[in-house]
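Participant: Letter by letter, the chains look like this.
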Amino acid sequence: MTGTVVNCGYVPLVDCAPLVLAKELGFASEEGLDLNLIRQPSWSALRDMLALGHLDAAQMLSPMAVAMSIGMGGLTAKIDALMVLSVNGTVFGVSNSLAQELGSVPFGDARAVLDQIAGRKGSPLRIGVPFHYSMHRLLLSYWIAAAPTLSIQEVTVPPPRMANAVAEGDVDAFWVGEPWGSVAVGRGVGQLMMTGRDVWQYAPEKVLAARHDWVSENEDTVRRLMRAVFHAAKWLDVKRNKPLAVEILGRSEHLGLPSDLIDPALTGHLLPQQRSGPVEVQRFLQFHRHAASFPWRSQAAWIADQLGGDDDDLQTAKACFRTDLYRQNLAEIGADMPGASEKVEGSLQFETAVASSRGHMILAPDAFFDGRTFDFSPKSR
Amino acid sequence: MSPDLRILVVEPDQNRVREIVDALNAAGWNDVKALGSVSALDRMVKDFAPDIVLIDLANPDRDTLEHISYVTQTEKRAVALFVDQTDDNLTQAALNAGVSAYVVDGLQMNRIKPVLQTAIARFKIMRQMQSELDAAKQALEDRKTIDRAKGILMRQRGVTEDEAYTLLRKTAMDQGRKVIEVAQALVTAADLLT
Numbered sequence: 040m041t042g043t044v045v046n047c048g049y050v051p052l053v054d055c056a057p058l059v060l061a062k063e064l065g066f067a068s069e070e071g072l073d074l075n076l077i078r079q080p081s082w083s084a085l086r087d088m089l090a091l092g093h094l095d096a097a098q099m100l101s102p103m104a105v106a107m108s109i110g111m112g113g114l115t116a117k118i119d120a121l122m123v124l125s126v127n128g129t130v131f132g133v134s135n136s137l138a139q140e141l142g143s144v145p146f147g148d149a150r151a152v153l154d155q156i157a158g159r160k161g162s163p164l165r166i167g168v169p170f171h172y173s174m175h176r177l178l179l180s181y182w183i184a185a186a187p188t189l190s191i192q193e194v195t196v197p198p199p200r201m202a203n204a205v206a207e208g209d210v211d212a213f214w215v216g217e218p219w220g221s222v223a224v225g226r227g228v229g230q231l232m233m234t235g236r237d238v239w240q241y242a243p244e245k246v247l248a249a250r251h252d253w254v255s256e257n258e259d260t261v262r263r264l265m266r267a268v269f270h271a272a273k274w275l276d277v278k279r280n281k282p283l284a285v286e287i288l289g290r291s292e293h294l295g296l297p298s299d300l301i302d303p304a305l306t307g308h309l310l311p312q313q314r315s316g317p318v319e320v321q322r323f324l325q326f327h328r329h330a331a332s333f334p335w336r337s338q339a340a341w342i343a344d345q346l347g348g349d350d351d352d353l354q355t356a357k358a359c360f361r362t363d364l365y366r367q368n369l370a371e372i373g374a375d376m377p378g379a380s381e382k383v384e385g386s387l388q389f390e391t392a393v394a395s396s397r398g399h400m401i402l403a404p405d406a407f408f409d410g411r412t413f414d415f416s417p418k419s420r
Numbered sequence: 335m336s337p338d339l340r341i342l343v344v345e346p347d348q349n350r351v352r353e354i355v356d357a358l359n360a361a362g363w364n365d366v367k368a369l370g371s372v373s374a375l376d377r378m379v380k381d382f383a384p385d386i387v388l389i390d391l392a393n394p395d396r397d398t399l400e401h402i403s404y405v406t407q408t409e410k411r412a413v414a415l416f417v418d419q420t421d422d423n424l425t426q427a428a429l430n431a432g433v434s435a436y437v438v439d440g441l442q443m444n445r446i447k448p449v450l451q452t453a454i455a456r457f458k459i460m461r462q463m464q465s466e467l468d469a470a471k472q473a474l475e476d477r478k479t480i481d482r483a484k485g486i487l488m489r490q491r492g493v494t495e496d497e498a499y500t501l502l503r504k505t506a507m508d509q510g511r512k513v514i515e516v517a518q519a520l521v522t523a524a525d526l527l528t
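As you go down the protein sequences, you meet chains A and B in turn.
In case it helps, this note's numbering puts the first sequence at residues 40 to 420.
In case it helps, this note's numbering puts the second sequence at residues 335 to 528.
By construction, these hints were calculated from the structure, which means they are not laboratory data.
Just so it is clear, CB atoms sit at the ideal spot from N, CA and C, and this is done for glycine as well.
Careful, some of the hints might be misleading.
[Stated by the list, open to error] Cut-off 20 angstroms, straight-line C-alpha distance, at most; resulting in silico cross-link-like pairs (EDC-like, lysine to aspartate or glutamate): (1) K281(A) with D259(A); (2) K117(A) with D349(A); (3) K367(B) with D338(B); (4) K447(B) with D418(B); (5) K117(A) with D344(A); (6) K380(B) with E193(A); (7) K458(B) with E353(B); (8) K273(A) with E371(A); (9) K160(A) with E140(A); (10) K117(A) with D421(B); (11) K117(A) with D418(B); (12) K117(A) with D422(B).
[Unchecked claim] From the structure, some residues in chain A lie toward chain B, with a derived Cβ separation under 10 angstroms: (13) Q79; (14) M88; (15) G112; (16) V168; (17) P199; (18) R200.
The whole structure should be built from the sequences, with the hints applied where relevant.
Facilitator: Printed below as a string of structure tokens:
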């Protein structure tokens with residue numbers, strides 16, 4: 040291989056699929072890149088390695104990219120989100136004993152699940168999340184804010200250990216990315232109550248992140264990297280490709296997990312309990328369709344707002360979601376572009392046609408469970 | 335030297351803990367405690383109130399440690415990941431050695447630096463030893479695969495051991511590959527056919 044080497048960090052979760060397939064199916068080498076995927080032991084390690092120059096790019100929790108850029112969390116650095124790598128894909132579940140206490144609650148009904156949890160007596164619930172600056176934690180905080188009397192304790196647990204933490208009673212509930220929710224169900228230690236999209240229907244989960252200065256100094260490599268990932272994401276969202284994608288991810292040295300643990304996330308057929316039938320969750324995990332990879336500036340603003348940022352932070356956050364590069368680098372390979380770079384988050388209840396570079400595109404619903412909308416456009420502030 | 339610094343080492347491997355603690359003790363810091371997992375970290379941070387927490391960069395517990403550091407303030411002082419913008423060399427050296435440090439707010443640079451330098455030196459040695467061990471293990475594995483490939487050639491083609499090895503080496507050279515890669519391919523193919 041004689042391509043340009045790009046060192047790219049990732050954490051072994053199903054949603055690293057666009058990076059793995061960009062490498063394994065040759066989308067990266069077609070762009071003249073030697074995509075070197077480097078597995079990271081924790082999100083903190085991934086952040087440090089990227090910020091301090093040991094990685095060129097990385098799969099990153101979308102709130103982490105924003106937090107770093109606005110100076111929250113452990114390490115401040117100017118980080119660009121080149122594109123969204125995945126939308127949705129997380130699950131909320133509870134331990135068997137908590138499930139028993141809560142009784143029967145319809146799967147995926149965020150309001151009903153919250154009411155049941157808030158109505159429970161006893162010590163504060165300990166809820167496991169993978170990282171403080173994650174979409175998991177933001178959705179959890181947003182969701183429980185609707186029950187002001189409910190108090191919880193947030194516990195950070197690395198995803199591969201989530202099922203263990205549930206089994207050993209270290210947490211009562213968990214919010215985690217696949218396949219680790221399905222692992223907990225498979226091991227018989229817990230059950231799923233809902234998915235992230237039951238709280239926010241179109242949440243940007245991971246982004247393709249890089250240091251701002253590296254992006255400016257490597258325009259051509261950035262363009263090729265974005266194209267390779269775009270092609271992989273497009274391939275991944277084709278229904279007939281899913282079985283092969285499951286197989287490649289399962290076999291590859293990158294995930295090293297059995298296929299039956301990867302299948303639920305890619306197909307959206309989740310098994311909430313061991314002895315229940317599968318539930319089909321629409322748009323459980325999206326990579327390409329409905330402009331999934333477009334880094335909406337309003338998504339960055341929502342994240343900064345939830346993190347408690349002020350107006351300046353919101354502007355900084357918007358600027359690090361590089362819609363400009365997305366348009367510039369992907370238009371010529373036929374990517375359809377929405378007319379606007381910001382939308383009113385939460386305003387779409389249904390699939391909606393909007394103006395785009397090739398006529399019109401269909402955006403997926405992005406409503407919040409409580410019906411709130413967020414307009415971060417300058418005129419509304 | 336600041337012997338009054340309280341240092342906490344988070345490390346599950348007992349041998350490594352001893353190495354790190356010994357190195358810190360030898361350099362004059364005696365108030366050093368170690369913790370195998372982060373499950374008791376919350377209480378430890380409150381009771382012991384460390385000035386510096388040292389942890390392996392590759393430890394998956396780091397995310398948990400960071401979160402606890404944010405929410406548990408020791409004597410009302412915030413704990414943050416140590417990244418020195420003014421001394422990039424030290425930060426890079428720590429990263430290369432595989433050690434991360436969390437330091438309470440307001441601690442002076444000249445007090446932190448010697449601790450970090452001692453830890454970096456020790457982590458470097460441990461990493462070196464680990465990679466030598468890994469290399470030795472890999473060499474042994476490769477040896478086994480090449481022996482199996484030689485055995486397959488000897489049986490199938492009726493050649494001697496030396497001839498089998500020459501054949502492997504020639505094929506590798508012709509294809510621009512390593513001997514171990516050719517041996518692996520042969521072993522895999524043989525496994526598929528039997």
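Participant: It remains to establish, for every hint, whether it holds in the given structure.
Facilitator: To see whether the hints hold, each was checked on the structure:
Between K281(A) and D259(A) the CA atoms are separated by roughly 31 angstroms; this puts the pair beyond 20 angstroms, and the hint is violated. A distance of roughly 17 angstroms separates the Cα atoms of K117(A) and D349(A); the hinted pair therefore holds under the 20 angstroms criterion. A threshold of 20 angstroms between alpha carbons decides the hint, and for K367(B) with D338(B) the separation of about 13 angstroms falls inside it, so the pair holds. For a cut-off of 20 angstroms, the pair hint linking K447(B) to D418(B) stands: about 10 angstroms separates their Cα positions.
The straight-line distance between the Cα atoms of K117(A) and D344(A) is roughly 18 angstroms, inside the 20 angstroms bound, and the hint therefore holds. The suggested pairing of K380(B) with E193(A) holds, with an alpha-carbon distance near 18 angstroms, which does not exceed 20 angstroms. For the proposed pair K458(B) and E353(B), the alpha carbon gap of about 12 angstroms is at most 20 angstroms, so the pair holds. A distance of roughly 15 angstroms separates the Cα atoms of K273(A) and E371(A); the hinted pair therefore holds under the 20 angstroms criterion.
Taking the CA atoms of K160(A) and E140(A), the gap is about 10 angstroms. The hint holds against a cut of 20 angstroms. Only pairs whose Cα atoms come within 20 angstroms are accepted, and K117(A) paired with D421(B) is accepted, the gap being roughly 19 angstroms. A hinted pair counts as satisfied when its Cα atoms are at most 20 angstroms apart, and K117(A) with D418(B) qualifies at roughly 16 angstroms. Simply put, K117(A) and D422(B) have alpha-carbon atoms about 17 angstroms apart, close enough for the 20 angstroms limit, and the pair holds.
With its C-beta approaching chain B no nearer than about 9 angstroms, Q79(A) sits inside the 10 angstroms limit, and its interface hint holds. Below 10 angstroms, beta-carbon pairs count as interface contacts, and M88(A) has one with chain B at about 7 angstroms; its hint therefore holds. Below 10 angstroms, beta-carbon pairs count as interface contacts, and G112(A) has one with chain B at about 8 angstroms; its hint therefore holds. For V168(A), the interface hint holds, the least distance from its beta-carbon to any beta-carbon of chain B being 9 angstroms, beneath 10 angstroms.
Because the closest C-beta pair between P199(A) and chain B is about 8 angstroms apart, less than 10 angstroms, the hint holds. The closest approach between the C-beta of R200(A) and any C-beta of chain B is roughly 7 angstroms, which is under the 10 angstroms cut-off, so the hint is satisfied.
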